[in-house]
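Produce the complete structure using the sequences and hints provided.
Those letters in the sequence shown? Residues -10 to 243, by the working numbering.
Be careful, since some hints might not be right.
[To be verified] The calculated lysine to any residue pairs, modelled on SDA-like cross-linking and capped at a C-alpha distance of 20 Å, are:
1) K238 / G(-2)
2) K1 / L241
3) K238 / P62
4) K80 / A174
5) K115 / A174
6) K1 / A24
7) K80 / G0
8) K115 / L134
9) K22 / S(-4)
10) K238 / L48
11) K85 / L48
12) K80 / K115
13) K80 / D173
14) K1 / M(-10)
15) K22 / L241
16) K22 / L48
17) K85 / M(-10)
18) K238 / R214
19) K115 / K22
20) K22 / F240
[To be verified] Ranges between beta-carbon positions, derived for each pair:
21) T179 / A117: 22 to 32 Å
22) M(-10) / R137: 34 to 44 Å
23) E111 / S(-9): 30 to 40 Å
24) S(-9) / G220: 33 to 43 Å
25) T25 / A117: 39 to 49 Å
26) D231 / N47: 34 to 44 Å
27) S56 / E111: 27 to 37 Å
28) Q21 / L105: 35 to 45 Å
These are computed hints drawn from the structure, not numbers from a lab. Using N, Cα and C, we set each Cβ at its ideal position, and we do this for glycine too.
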Amino acid sequence: MSLHVESAGSGKPLLLIHGWGMHGGVWTDVAQKLATDFRVHSVDLPGFGASAPLRQTNLDAVVQALSQQFSEPLNVCGWSLGGQFALHWAKGEPEKVRRLVLVTSTPCFAGREDWLFGMAIEVLAKFAAELEQNHAATLRRFIALQLRGSENERELLGLLRERLFSRGEPDMGALRGGLEILRDADLRATLPEITQPTLLIAGERDRLTPPEASYYLAQTMPSARVVEVAGAAHAPFLSHPDIFVEQVKSFLNE
-10 MSLHVESAGS GKPLLLIHGW GMHGGVWTDV AQKLATDFRV HSVDLPGFGA
40 SAPLRQTNLD AVVQALSQQF SEPLNVCGWS LGGQFALHWA KGEPEKVRRL
90 VLVTSTPCFA GREDWLFGMA IEVLAKFAAE LEQNHAATLR RFIALQLRGS
140 ENERELLGLL RERLFSRGEP DMGALRGGLE ILRDADLRAT LPEITQPTLL
190 IAGERDRLTP PEASYYLAQT MPSARVVEVA GAAHAPFLSH PDIFVEQVKS
240 FLNE
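Below is the structure:
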């Protein structure tokens, strides 16, 4: 299948992968700034934005679609759920993923007895149930949760709500599949095998994937380091774009 991709700039290729419920347009502002140094590709994941859905949405299927779309080795930046796709891809095709930038990401989104930095399974189950009743309201509530506590929270909430459906309605199968990945995926065992240089950008006030998840990644992956953005919640590339762009440029130009 062919994914919708918007590209700008020249230089080393950099792929931006969005999180659950959104599309590549969420990166618009920082993509323009990054395009001064890199060839930036903002992708709509299957079933979101202008990309057609897959028959089944799971880690393997989405990563396969990404791999087929992008044939050359590239740097990959993933936000939230997009970070899990990036990690899975880096493990499976290390020759294709050069460097990783993981933004408020986690190896395990859902809480478990041996994982205290995840969302309660009951909360995820409630999201899934509400999604079936009113997907638009559920997505808006999820956006609000992402930004809660962030600097400029009200302004950012308006921006994300404006962009949410700017490329049309997301596919329900893709939404369901994404929530199932968030509920079931646990990539902790694979982390020592992901050897690419990795920059972890955490939000100090993030209530979905707390900074502790990023520090766990840094301690477990062979070549990773954390930048914690003060005053940011789950979307530091929106709340603190200048810091985000500076850190990404510096890391990818090493």
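Against the structure, the hints come out as follows:
A distance of roughly 13 Å separates the Cα atoms of K238 and G(-2); the hinted pair therefore holds under the 20 Å criterion. Between K1 and L241 the CA atoms are separated by roughly 9 Å; this keeps the pair inside 20 Å, and the hint holds. Restraint check for K238 and P62: the C-alpha separation of about 18 Å stays at or below 20 Å, so the hint holds. Under the criterion of a C-alpha separation no larger than 20 Å, the hint pairing K80 with A174 is consistent with the structure, at around 14 Å.
Note on K115 and A174: the hinted pairing holds, with a Cα-Cα distance of about 18 Å set against a maximum of 20 Å. For the given pair, K1 sits about 10 Å from A24 by alpha-carbon distance, which is consistent with the 20 Å threshold. Under the criterion of a C-alpha separation no larger than 20 Å, the hint pairing K80 with G0 is inconsistent with the structure, at around 25 Å. Using a Cα cut-off of 20 Å, the hinted pair K115 and L134 holds, with the two alpha carbons roughly 14 Å apart.
Only pairs whose Cα atoms come within 20 Å are accepted, and K22 paired with S(-4) is accepted, the gap being roughly 13 Å. With a C-alpha separation of about 28 Å, the suggested pairing of K238 with L48 is violated against the 20 Å cut-off. At most 20 Å may separate the alpha-carbon atoms for a hinted pair to count; K85 and L48 meet this at roughly 17 Å. Distance restraint check for K80 and K115: the Cα-Cα separation of roughly 31 Å exceeds the 20 Å cut-off, and the hinted pair is therefore not satisfied.
Simply put, K80 and D173 have alpha-carbon atoms about 18 Å apart, close enough for the 20 Å limit, and the pair holds. Our distance criterion of 20 Å between C-alpha atoms is broken by K1 and M(-10), whose separation comes to about 25 Å. Restraint check for K22 and L241: satisfied, since their Cα atoms lie roughly 14 Å apart, inside the 20 Å limit. Restraint check for K22 and L48: not satisfied, since their Cα atoms lie roughly 30 Å apart, outside the 20 Å limit.
Using a Cα cut-off of 20 Å, the hinted pair K85 and M(-10) holds, with the two alpha carbons roughly 19 Å apart. For the given pair, K238 sits about 15 Å from R214 by alpha-carbon distance, which is consistent with the 20 Å threshold. For the hint linking K115 to K22, the alpha-carbon distance of about 38 Å lies beyond 20 Å, and the restraint is violated. A C-alpha spacing of about 15 Å is found between K22 and F240, which places the hinted pair at or below 20 Å, so the restraint holds.
Range check, T179 to A117: about 25 Å between beta-carbon atoms, so the 22 to 32 Å window is met. Separation of M(-10) from R137 is about 35 Å and conforms to the stated range, judged on CB atoms against 34 to 44 Å. Taking 30 to 40 Å as the suggested C-beta distance range, the pair E111 and S(-9) conforms, at roughly 38 Å. Taking the beta carbon of each, S(-9) and G220 are about 39 Å apart, inside 33 to 43 Å as hinted.
Our hint of 39 to 49 Å for T25 and A117 holds, since their Cβ atoms are close to 41 Å apart. Our hint of 34 to 44 Å for D231 and N47 holds, since their Cβ atoms are close to 36 Å apart. As the Cβ distance of S56 to E111 is approximately 35 Å, the hint placing it in 27 to 37 Å holds. Range check, Q21 to L105: about 38 Å between beta-carbon atoms, so the 35 to 45 Å window is met.
Checked against the numbered hints listed earlier, the structure breaks hints 7, 10, 12, 14, 16, 19; every other hint is satisfied.
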